[in-house]
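Asks: Going down the list, the protein sequences come from chains A and B. Note that the UniProt record's numbering gives residue 78 to position 78 of the first sequence, counting from 1, and the numbers run on in steps of one. Note that the UniProt record's numbering gives residue 611 to position 611 of the second sequence, counting from 1, and the numbers run on in steps of one.
Just so you know, the hints here were simulated from the structure itself, not pulled from any lab data. Keep in mind that the hints are not guaranteed to be accurate.
[As the list claims (entries may be wrong)] Below 30 Å or equal to it, Euclidean Cα-Cα: the simulated DSBU-like pairs (lysine-lysine) are:
hint, chain 1, residue 1, chain 2, residue 2
1, A, Lys56, B, Lys255
2, B, Lys50, A, Lys70
3, A, Lys70, A, Lys56
4, B, Lys447, B, Lys436
5, B, Lys102, B, Lys352
6, A, Lys179, A, Lys139
7, B, Lys436, A, Lys147
8, B, Lys50, A, Lys147
9, B, Lys352, A, Lys70
10, A, Lys56, B, Lys436
11, A, Lys70, B, Lys255
12, B, Lys352, B, Lys317
13, B, Lys426, A, Lys70
14, B, Lys420, B, Lys255
15, B, Lys50, A, Lys172
16, A, Lys56, B, Lys426
17, B, Lys420, B, Lys346
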Amino acid sequence: TVFVVWLVNTRGRQRAPSDSDLELSTVRHQPEGLDQLQAQTKFTRKELQSLYRGFKNECPSGLVDEETFKSIYSQFFPQGDASTYAHFLFNAFDIDRNGSIRFEDFVIGLSVLLRGSVTEKLNWAFNLYDINKDGYITKEEMLAIMKSIYDMMGRYTYPCVRDDAPSEHVDKFFQKMDKNRDGVVTIEEFIETCQKDENIMNSMQLFENVI
Amino acid sequence: MAAGVAAWLPFARAAAIGWMPVASTPMPIPPQDKRKAQDGLIILNVSGTKFQTWRTTLERYPDTLLGSTERDFFFHEETSEYFFDRDPDIFRHILNFYRTGKLHYPRQECISAYDEELAFFGIIPEIIGDCCYEEYKDRRRENAERLQDDEEMDMNNDVTPVNLTFREYLWRAFENPHTSTLALVFYYVTGFFIAISVMANVVETVPCGTLPNRSKEMSCGDRYALAFFCLDTACVMIFTVEYLLRLIAAPSRCKFMKSVMSVIDVVAIMPYYIGLVMTDNDQVSGAFVTLRVFRVFRIFKFSRHSAGLRILGYTLKSCASELGFLLFSLTMAIIIFATVMFYAEKGSTATKFTSIPAAFWYTIVTMTTLGYGDMVPKTIVGKVFGSICSLSGVLVIALPVPVIVSNFSRIYHQSQRAEKRRAQRKTRLARIRAAKIRGTNAYMRYKQNGLLIDALEEVAGQALVGKAASPPFESQHHHLLHCLEKTTNHEFVDEQTFQANCMEISVVNKSGSRTSSLSSSPHGLSSCCSRRHRKKSSFSLPSTNNQELSTIQIRERPVSNSRSSLNAKLDKTMPLKCDEAYISPSMVRLSAPVATSSDDTSTATTTYSQSNIVRVSAL
């Protein structure tokens, strides 16, 4: 079994990066074995099975590229334009930055979001906001994220989304988070502030039983 | 929304954690999965053929027979399977629809049998995938014609936007004569005058018999000069008016003036005006006569009236490379053979091949197999090369012509298909738009129901019996959208409400009401709305919309068992805020979620939210 697992692993690892210049439809990826994923994530066997079935249904090749990801995510927000936010999300899930999300990335990300500790979830959120992954959230990064969130609302909102609404929101965020007023938010400031905020702590538990 | 991506909803909800740290307001409570859907296998027995699928697969489309509780009517206890007395071959496609989200139409099935099955299982045929949709629609139309039914083809006519400017209206009338009767009349009148003008040009030159005091025969043009002149004037006036109207109506005048049709129009009417200008001047009468030749270009104006002519012109343009090749190879061959013939015939006496250019005429006539016979070779060598010339002529000309012909045929059929697809595209867009609106309305209803139900739950202390249970997927999706609203502190509204709100906000601004910094830029608000708000909808009563919304909240608040005095305080402050109506619409909105969330969270949360409100109003 170890041999088989090793074979599957090497096959999976070989295919994805080398076929980057081919069309994604000719690339296939088989995920690691069920036992391994069970060890790496906090999901039960049944949950992993149901997750994979849904994943494979939408992406028969086993890999999600950014365009497919954007189109899937946009279907949940038909009134606005979810593509920018989907791009940021994609980068947050695509840990090894190879342009496609494998099932392992997908399930590991979900495990953090749904079964992880609050600190892990906050870490994930920080990673999402930190676009260039340098450990600091600058105002520009936050503004880009905020604009993409507001883009998802679309045109028909009440009240009308003003042009400066995102930047106002960013200012409020920085007022709250940036303790030493150095213009950037570090991971420590972020986690500390969030842990003190009841609302945020409560909302982190919101999606516990989504699966 | 395609429920085919229902499998990804848990992912989208999990990813919503990314909004939590930046959310302006607390999140709504997630819906409880009252029905713990076991993911088991279901056996569907269709006339003996057993199909099996997961329960959740079927429940992706809860408004169909298989996805709802309607299937319980077909449950067979003895064998504990669902039995359907229907056609198993067609059922295969229906089941595939649940699996893949795409409905396909099998070409070998009868269209009415297929329609019946779809109707039985509650699936609307409009969701047939693009690959099979055209075929399905074609078959359906054929069937209807065969049965001589008056099937209601709800291909909507051109949606006439009411508020086109006169200029746009004029342009549309010119480009598309079928939009109004006036345009159609104009179209036929111009066509008629083009024909008249061309005929007049032709008849002008026919000899009409002699006048008694003249010796030579006169052409009709000279005999009835005045009549022809009047006819010509009338035609040119019509053409001039048409050209000027098109010029005025054109959205981009420079582009219009550079277009081919416009050039043809100008060339058609110019000779007349130039002729008017330089009459009675013998020196330029020669040039004047030449100019009259250009009048024949009027016949090209017919290309506006005939699609086939346009396609021919387009084909020639697109086959430019083939035509160029034809021309080039012909020129090469002509030069070669003319040279050869000239030197071959040089020796013979009284030969017509006086020079190489003179031999060109022979070569062309021979290569195109015309063979006039005015120039023939006399020497043996000349005759040999002459025969080689005619044989090669056939080859050189016959090769590119089929390419041009096939190009024409392809383009012609393409244009026919494009017309059909364009007509279907409008229906598609209308469908997509309707689906979006339906989604928004469903979400609005969810929100109103949700607020009411949560408040009532608190009072009853237990789940209400008999409330409309929305399917779990829908309610989870709506909860997700609700979270987004809370994050950005804005709400989704549908198109009509949005435009109504914009109108009332601009009304408020005109009345110069007091501003607070939260809706800090009412100018911003109105500018954003007016910039995006291109359609001028009618004025709706501004007060009713907002008041109704706020009164709904007020009515719900007293129902909820206020556990903390904070709630009571809210009740008292609510009416105050409502009186200040439009100034702080966002403040009114803020108070609503506080009440719902305070029902289940500790008072600490409410103090935070309360302080949230306080902070906001202090801004």
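Asks: Each of the hints needs a verdict: does it hold here or not?
Replies: Structure-based check of each hint:
Pair hint Lys56(A) plus Lys255(B) does not hold up; C-alpha atoms about 51 Å apart against a cutoff of 30 Å. At roughly 38 Å between alpha-carbon atoms, Lys50(B) and Lys70(A) are farther apart than 30 Å, so this suggested pair is violated. In summary, the hint linking Lys70(A) to Lys56(A) is supported, as the alpha carbons are separated by about 17 Å, within the 30 Å threshold. For a cut-off of 30 Å, the pair hint linking Lys447(B) to Lys436(B) stands: about 17 Å separates their Cα positions.
For the proposed pair Lys102(B) and Lys352(B), the alpha carbon gap of about 76 Å is over 30 Å, so the pair is violated. With a C-alpha separation of about 14 Å, the suggested pair Lys179(A) and Lys139(A) falls inside the 30 Å cut-off, and the hint holds. Of the pairs offered as hints, the one joining Lys436(B) and Lys147(A) holds, with about 23 Å between alpha carbons and a cut-off of 30 Å not exceeded. Proposed proximity of Lys50(B) and Lys147(A) is contradicted: the alpha carbons are some 52 Å apart, above 30 Å.
Between the alpha carbons of Lys352(B) and Lys70(A) the distance comes to roughly 78 Å, so the proposed pair goes past 30 Å and is violated. A distance of roughly 27 Å separates the Cα atoms of Lys56(A) and Lys436(B); the hinted pair therefore holds under the 30 Å criterion. About 38 Å separates the Cα atoms of Lys70(A) and Lys255(B), which puts this hinted pair outside 30 Å; it is violated. A threshold of 30 Å between alpha carbons decides the hint, and for Lys352(B) with Lys317(B) the separation of about 38 Å lies outside it, so the pair is violated.
For the hint linking Lys426(B) to Lys70(A), the alpha-carbon distance of about 26 Å falls within 30 Å, and the restraint holds. Distance restraint check for Lys420(B) and Lys255(B): the Cα-Cα separation of roughly 28 Å lies within the 30 Å cut-off, and the hinted pair is therefore satisfied. Between Lys50(B) and Lys172(A) the alpha-carbon distance is near 60 Å, which puts this suggested pair outside the 30 Å criterion. Between Lys56(A) and Lys426(B) the CA atoms are separated by roughly 34 Å; this puts the pair beyond 30 Å, and the hint is violated.
Simply put, Lys420(B) and Lys346(B) have alpha-carbon atoms about 63 Å apart, too far for the 30 Å limit, and the pair is violated.
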